[in-house]
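*Asks:* Each chain, written out:
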Amino acid sequence: MSRSVDKDGFPAYVSAWEARIGAFLEIRKPELLSAQGESSLGPGGASGPVKGLPFAVKDNIAVEGFGLTCGSKLLADFRATYTATAVKRLESAGAAVIGKTNMDEFGMGSSTDNSALKRTNNPWDTSRVAGGSSGGSAAAVAAGLVPFALGSDTGGSVRQPAAFCGVVGLKPTYGAVSRFGLVAYASSLESIGVLADSVGRARDVFRIIQGEDPLDQTTVAARVVHGTANQKAGGKKVLAVLDPASLAQAVSAAVRGARGLDAADGGAESAHRDAAEEANLINLLEEEVLAGFSKAVEGYKALGYEVREVSIPSLAYSVPVYYTIATAEASANLARFDGIRYGKRPEWAENPEDLIDKTRAMGFGSEVKLRILLGTFVLRSGFQDRYYLRAQRLRKHITGEFLSLFTGPEAPSALLMPVFPTRAFGRGDRGPALSSFAQKAADIFTCPANLAGLPAIAFPASVEGGLPVGVQLLGAPFTEELLCDIAAEYEADHPIPHPEGYQSFWR
Amino acid sequence: MYQSFIGLEIHIHLLTDTKVFCSCKAAFGSEPNTHVCPVCLGHPGVLPALNRAALDMGALVAQALHCQIPDRTWFERKQYFYPDMPKNYQISQFASPLGQQGYMDILFKGQKKRVCIKECHLEEDAGKMIHAGNVTLLDYNRAGTALLEIVTEPDLETGAEAEAFIQQLRRLVRYLGVCDGNMEEGSLRSDANVSVNLKGAGLGRKVEIKNLNSSRFVRLALDYEIERQKEILESGGVVKQETRLWNENRDQTESMRSKEDSHDYRFFPEPDLPVLEITEAYRRETQSRLMELPLERLERFVRDYGLPLEQADYICEERALADYFEEAVQAIKGLERVDAARRVALWLAADVKRVMNRDGVAPESINRWSFSPQRLAQIVELLGRGAISGKIAKQALELSVAEDRDPQDIVQERGWQLIQDPEVIGRYVQEVLQKEAGSFQEAISALENGNQKRYETLTVYLVGKVLAESQGRCDAPLVKAQIEKQIGEAKPCVC
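Sequence lines, in order, name chains C and L.
Those letters in the first sequence? Residues 1 to 507, per full-length UniProt numbering, in order.
Those letters in the second sequence? Residues 1 to 495, per full-length UniProt numbering, in order.
No farther apart than 27 Å at their CA atoms in a straight line, the calculated lysine-lysine pairs in the BS3-like style are these:
#, chain 1, residue 1, chain 2, residue 2
1, L, Lys259, L, Lys199
2, C, Lys358, C, Lys73
3, L, Lys128, L, Lys25
4, C, Lys369, C, Lys358
5, C, Lys344, C, Lys369
6, L, Lys485, L, Lys391
7, L, Lys128, C, Lys358
8, L, Lys25, C, Lys88
9, L, Lys128, C, Lys344
Coverage of chain L stretches by chain C, computed from C-beta distances (three or more under 8 Å per stretch; other residues unrestricted):
#, segment
10, 74 to 82
11, 270 to 276
Just so you know, the hints here were simulated from the structure itself, not pulled from any lab data.
Just so you know, even glycine gets a beta-carbon here, dropped at the ideal spot from N, CA and C.
Taking the hints into account, I'd like the entire structure generated from these sequences.
*Replies:* Take a look at the structure:
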């Protein structure tokens, strides 16, 4: 059933698309592409749903023999010395890596335009971004260059590009999939995730890559804490829906509160106010996104689901909490890039300290530097209470609210939410149409799943104005199977849309 | 009128086969960068995986130091940039150390002193940076090896006391088998902090001292530093809070960095390692792996065997030696236990020690020596029963070591047992008295004339001659009795 279909013309198809979208940072030679499948790429013997399938891997996941640039100049020439556990498992199941995909540098961004190495375009409209940070993986799947790809989701980096490109994006429970081989941005938040051309494919891939790994001890711990639920859909069909308007209101109130508190800051106040206004604005869903979301709600009602509106008040704080924790962890995770053992380094340096300074000054892009600075700031001794520890307390609270939502005999199976307030945005003369700050504020729908460690699956709800609109389902820990069941029900009525020129090479 | 307060921070290298967060071999002295992998080199994408053996060893030390092991313990990242630290943060413990609030008793100048242990925690070691002319070389073999840092309260007062603490802690961790205690190779490293203040005024301003590569340097540096601080206070000055380095070439401490330059380590919990839940069962299991600790053993040897402190101290320095001692004592059947123990201790501290030094047998490897505790027991027992003489006993030791055979077989085979047959002894005595007729006669006269001193001298002389004639085999007391009898019964010469 998963057997590859006729692959004649595949290399030409890939070249043509790739010239338009630039999804890959590195790709196997066309002759290998045509031969992929049963012969040279996949190991013999294995059988199963991914046998013979090519797949792409985000360039922050290690595959021995390939580069591991993370979209950064600093690692532009770095070759991976080992293979990530998730990739190994797929290779053992008979799938073969055909290339490494573009991304925002170290996963920091929502457009893939923060890649220092390449620009990636959205297959639906090449003037628009593919989303990010797993934009290359999403674009490659959307254009039909691969049936699935691996990405990573730290605050929405699988689901948001999936929504922008009209594919399925699965972010597993924290600890369900080994992170060994994933270059860390924010270790406590991120998972390796799947971008796929169907819900069933995402599920197939997830089943292969999930599971304990002695090389990632958080995979073991997660199962101890949560058990492995993964029940199937059935019985009472209840879906919780987070009303986007009320969430926007809550955010607005939180922003006003913060503004009141900081009124004494004087000069900083007006900058703060401007930022708050911007955050407020972005949290209001774009009309088309709202339309897509409503269609999803109606679609589920039509499928016999009882739709229950819920509110999760603490979500108003999720973005500041997320960026406090993510940048704190990033400041430590990225410290290893010092040019001493690997990576691009200056021709000349006075001493080891100078070497480190110069390497980092020239190797990192400005978004990365910004987040390292932020993370260093929030972890300073004497200030942890105000920033980092406070964020951790709020995180616990947010997690608690989610878990209680999914607990009890009357609990809904999943929570339906928008993915991002806009569809794929375009580029202005001076970069993305959405400012770097607004992009962060817009993570409000995706980052909660990372803060709470919950599984979530994004899938296309509809196509509005020529661009796909995605929605997502969040569930209790280790309910990926259930989420896939519910998403697949919708998919059966609303098949995954494809951009013009899309051709399917795989069943 | 001044009082000094010394605290120690001691790092011990745990004797795990592999590094603390990866499966590289934890070995020293190899070709540079041969025990490295993506994990300990901090390559992008790798994760630490805690080595269970490191946890177990750390917990064992924590319990030996009477520390509380908390229900939940976790790791933090300690952040600072340094070229020998691959991730530019060290995985360490900050808020929930593995061992908390314990103590260790030490013996100092014959007195027992309790030193409080603030905490002990697990962490990873860094690599080594070697400056060679214009270049800096890096060796990461040591990077990621398991360390346990033991932090004392400022309970020590003098350099000598600190030195004693380190030596006795070294003995403890060697007993536990978790560290080889080699300070020269850096398997046991100590930093010290010291403050001086007027008596009763509490702690003074703390100075940290680094680069202390031996327990002797710890003593010298602390004594130097206490004097330096006293002089500053004496002249009305204020001691600067700073980190100083011990300069072993100049026998002094030198300023390294002041408090203002100290790092902000920006600790935060290590997200890549799960929190460890310590169960009661785990604590019990660890407790069951504890053996009698060196100080307890030393005290028992003094109390139960009546050993002198110095001998007990020597024997207890190495667990193998103390085990050897007890095995030998156990193997001796024909003597009172205390008598046997004293004799064994004496042999160990004297003749056996001499042979060991000569043959290069280290006390810690005495358990692998061919001269087993059972063999020593045979010698002690033969001697104790009076079956061989002291001289024969020493010869038996030498031969047993040289020929790798049981002393009792050697004694048997060579007919080295003491001669106790009165007839045989009588023949030796007769022979000697004839040869030494002059001395014999003089002894008779001395006895007659009541010259006791002269009489005794001559008697000892004659006994010695008999023993020499029999190559030490005649039983000395029996010989003496026969000679005295002969002298007493003889008529003085009237000619």
